[in-house]
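Fit chain B to the known structure of chain H by using the hints.
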Amino acid sequence: MGSENNPMKLIYYPGCTLKNHARNFDVSTVSSMAELDVEVEELERWNCCGTVHALSSDDVMHRVAPVTNLIRVKEAQASEFMTSCAMCYNTLKRANIDVKERADALETINQFLYQEETKYAGDVDVLHLLEYLRDRIGFDKLAGKVKKPLKGLRVACYYGCLLVRPKEVAFDDVENPVVMENLIRALGATPVPFPQKTECCGAYHTVDKPEIIAERTDKIMGSAFDEQADMVVVSCPLCAFNLDFRQNDARRLNPDFHHLPVLYFTQLMALALGCDESALRFDLHNIDPKPALAARGLD
Amino acid sequence: MNTTLKFSSSRPDRAFVAQVEKISGQKLLACYQCGKCSAGCPMAAHMDVLPNQLIRMAQLGMKEQLHAARSIWLCVSCLTCNSRCPKDVRIAEIIEALRETVLRSGERNDHLKIQELSPEARGELPPIAMISALRKQTS
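Just so you know, the protein sequences line up as chains H and B, in that order. Quick note, the first sequence lines up with residues 3 to 301 if you use this note's numbering. Quick note, the second sequence lines up with residues 979 to 1117 if you use this note's numbering.
The hints are simulated quantities; they were obtained by calculation from the structure and are not laboratory data. Check the hints yourself; a few may be wrong.
With a cut-off of at most 30 Å between alpha-carbon atoms, the simulated DSSO-like pairs for lysine-lysine come out as follows [stated by the list, open to error]: (1) K984/B x K1065/B; (2) K1005/B x K984/B; (3) K1065/B x K1005/B; (4) K1091/B x K221/H; (5) K221/H x K1014/B; (6) K150/H x K21/H; (7) K1091/B x K21/H; (8) K292/H x K143/H; (9) K21/H x K11/H; (10) K1000/B x K1065/B; (11) K121/H x K102/H; (12) K1014/B x K169/H; (13) K292/H x K153/H; (14) K153/H x K121/H; (15) K211/H x K1091/B; (16) K21/H x K211/H; (17) K1005/B x K169/H; (18) K1041/B x K1005/B; (19) K1041/B x K211/H; (20) K102/H x K1000/B; (21) K102/H x K1065/B; (22) K211/H x K169/H; (23) K1041/B x K1000/B; (24) K169/H x K984/B; (25) K1065/B x K169/H; (26) K1014/B x K211/H; (27) K221/H x K11/H; (28) K121/H x K1000/B; (29) K21/H x K292/H; (30) K102/H x K169/H; (31) K102/H x K1005/B; (32) K150/H x K11/H.
Facing chain H, from chain B, some residues (calculated, C-beta under 10 Å) [as the list claims (entries may be wrong)]: (33) G1003; (34) L1090; (35) A1099; (36) E1102; (37) A1111; (38) K1114.
In this text, a Cβ means the ideal position worked out from N, Cα and C, and glycines have one as well.
Only chain B is shown next, with the shape it has when bound in the complex:
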């Protein structure tokens, strides 16, 4: 994974950190970056930023970079990370909070554009797939 984290001396976006902590119900600084979440993540191979890196960036309030990360939409809340975290950090809840900060931005900011799917593609999908995809990726 060729992700480079660049840290500056500027203060983290505290309002953003507080918002993520409130929505997720998690203390971001509880994470000590062991990487176990990324090691077990079934989506890691497709991610541009790994789960433990998302948490680190959230600790640092890197809102713009997090909102630009493909990874926040790739997490499907399978909860493998949560069940293995040695600090009982609920990583999936934090990633959901990151999605929510996009979806709750005040304007329609849906990640999934269902109208762009072909009628054939929509027709073959079971309701369980359509509803869960819409629930997770639209406001």
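Next up, chain H with everything else stripped away, as it sits in the complex:
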């Protein structure tokens, strides 16, 4: 961690949804990093991460978007960068692994991007914010920066798919990750046991099969409610949309469904680190987190 006079610099890739529906994720990421003396610098000229990794072995075209971003990181004179969006992390990291393993694919992409002055050579590392907090800052040091401990707050940590699968991109145990729980503990809150934490939310079926998302949301949020969680925290804007904005559909499916707020882990971090209320953007939620926080004396 940098001192106040000498903050650490870190290239930051926000991704499209953090500039639209998930601005609460973006501002809480940037604000809490400032409290940790990390100077976050948004990557210049970033483009779409690719949004879902193409699984076809012969698909090179869909690696172009992620590789272009990796070139932009090199142009920023950096060898690594951070993203807090689980989808961007997963797509960028897998494309990076893929082109490192397949020299022919990388050569094809570099040839396709012939107008780029910088060629990609597999020499950039993709980091997720949770991994950065754990390995570079350390949860002990982070705990020392907490101004408003989230005492008594019961939190269910939801990882979904993209932080833990495939195992090549996972920075924690595939079946039972604990990195988010350890962060929550450092913030003074209490993580609850959460058997559904790596279950899929239904992802893009939210577009044309919302009935499937209602079933997933009922199951996942219901499990958090059964553990007496006050809220669920996530790292993916698609999970956040499904688990928060599809709760009304879940309620129609199951009249016993109980609403629970869904927050980004960075919002809890911003709250605990004493960031201004403008860093939280609770106005962007379907289920308002304020009553749940107020019930624990955190308003």
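Only chain B this time, still in chain H's reference frame:
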């Protein structure tokens, strides 16, 4: 799940089997039908053909039946199956290859018709949802 597999003595569609193996990069016969993929699949409750059954049908080259299965569009590549397969078969890659054999058929064969969604439905969706749905279900 009331799916009945009917096997005949006719030879499997070898060109189709080869195409699925090429796109997925997987050896279909590596699967010994333990069913662990279907046991953990979050979409299994909504599927007409379970993941392990899709693999078996792919081994047998049952192209028409596979293309008619709702299941190939229900898999969202969450990779739970891949991470638990005792034979390291990448089931999600095989199901992606099955989708690709439809999408690459030479004519516009999109599974998702975005124009059929109401403007309200489109307006509320975050870009991450729209882009991923289109990426997976259109050519």
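These are the hints, each one checked on the structure:
Between K984/B and K1065/B, the direct Cα distance comes to roughly 25 Å. Compliance with the 30 Å bound is thereby established for this hinted pair. A C-alpha spacing of about 23 Å is found between K1005/B and K984/B, which places the hinted pair at or below 30 Å, so the restraint holds. For the hint pairing K1065/B with K1005/B, the CA-to-CA distance comes to about 11 Å; that is within 30 Å, so the pair holds. Simply put, K1091/B and K221/H have alpha-carbon atoms about 28 Å apart, close enough for the 30 Å limit, and the pair holds.
Distance hint between K221/H and K1014/B is fulfilled; the C-alpha atoms sit about 21 Å from each other, no more than 30 Å. Using a Cα cut-off of 30 Å, the hinted pair K150/H and K21/H holds, with the two alpha carbons roughly 27 Å apart. Our distance criterion of 30 Å between C-alpha atoms is met by K1091/B and K21/H, whose separation comes to about 26 Å. Taken as a hint, the K292/H and K143/H pair is honoured in the structure, with Cα atoms around 27 Å apart against an allowance of 30 Å.
Distance check on the hinted pair: K21/H and K11/H sit about 21 Å apart at the alpha-carbon level, within 30 Å; holds. About 18 Å separates the Cα atoms of K1000/B and K1065/B, which keeps this hinted pair within 30 Å; it holds. Using a Cα cut-off of 30 Å, the hinted pair K121/H and K102/H holds, with the two alpha carbons roughly 13 Å apart. With a C-alpha separation of about 17 Å, the suggested pair K1014/B and K169/H falls inside the 30 Å cut-off, and the hint holds.
Our distance criterion of 30 Å between C-alpha atoms is met by K292/H and K153/H, whose separation comes to about 15 Å. Restraint check for K153/H and K121/H: the C-alpha separation of about 49 Å exceeds 30 Å, so the hint is violated. For the suggested pair K211/H and K1091/B, the alpha carbons sit about 12 Å apart, so the restraint of at most 30 Å is met. For the suggested pair K21/H and K211/H, the alpha carbons sit about 25 Å apart, so the restraint of at most 30 Å is met.
About 20 Å separates the Cα atoms of K1005/B and K169/H, which keeps this hinted pair within 30 Å; it holds. Pair hint K1041/B plus K1005/B holds up; C-alpha atoms about 17 Å apart against a cutoff of 30 Å. Proximity of K1041/B to K211/H is assessed by CA-CA distance (about 25 Å); at most 30 Å being required, the pair is judged to hold. Pair hint K102/H plus K1000/B holds up; C-alpha atoms about 21 Å apart against a cutoff of 30 Å.
The suggested pairing of K102/H with K1065/B holds, with an alpha-carbon distance near 25 Å, which does not exceed 30 Å. The suggested pairing of K211/H with K169/H holds, with an alpha-carbon distance near 28 Å, which does not exceed 30 Å. Using a Cα cut-off of 30 Å, the hinted pair K1041/B and K1000/B holds, with the two alpha carbons roughly 15 Å apart. Restraint check for K169/H and K984/B: the C-alpha separation of about 36 Å exceeds 30 Å, so the hint is violated.
Of the pairs offered as hints, the one joining K1065/B and K169/H holds, with about 15 Å between alpha carbons and a cut-off of 30 Å not exceeded. With a CA separation close to 25 Å, the supplied pair K1014/B and K211/H stays within the 30 Å bound. In summary, the hint linking K221/H to K11/H is not supported, as the alpha carbons are separated by about 41 Å, beyond the 30 Å threshold. A threshold of 30 Å between alpha carbons decides the hint, and for K121/H with K1000/B the separation of about 29 Å falls inside it, so the pair holds.
For a cut-off of 30 Å, the pair hint linking K21/H to K292/H stands: about 23 Å separates their Cα positions. Between K102/H and K169/H, the direct Cα distance comes to roughly 17 Å. Compliance with the 30 Å bound is thereby established for this hinted pair. For the given pair, K102/H sits about 23 Å from K1005/B by alpha-carbon distance, which is consistent with the 30 Å threshold. At most 30 Å may separate the alpha-carbon atoms for a hinted pair to count; K150/H and K11/H meet this at roughly 25 Å.
Annotation: interface hint on G1003/B holds; nearest CB of chain H at approximately 4 Å, less than 10 Å. The interface hint given for L1090/B holds, since its Cβ lies 6 Å from the closest Cβ of chain H, which is under the 10 Å cut-off. Among the interface hints, the one on A1099/B holds; its C-beta lies about 8 Å from the nearest C-beta in chain H, closer than the 10 Å criterion. Interface hint status for E1102/B: upheld, as the beta-carbon distance to the closest one in chain H is roughly 7 Å, under 10 Å.
Taking 10 Å as the C-beta contact cut-off toward chain H, the hint placing A1111/B at the interface holds, the least distance being around 4 Å. Residue-level restraint check for K1114/B holds (minimum Cβ-Cβ distance to chain H is 6 Å; threshold 10 Å).
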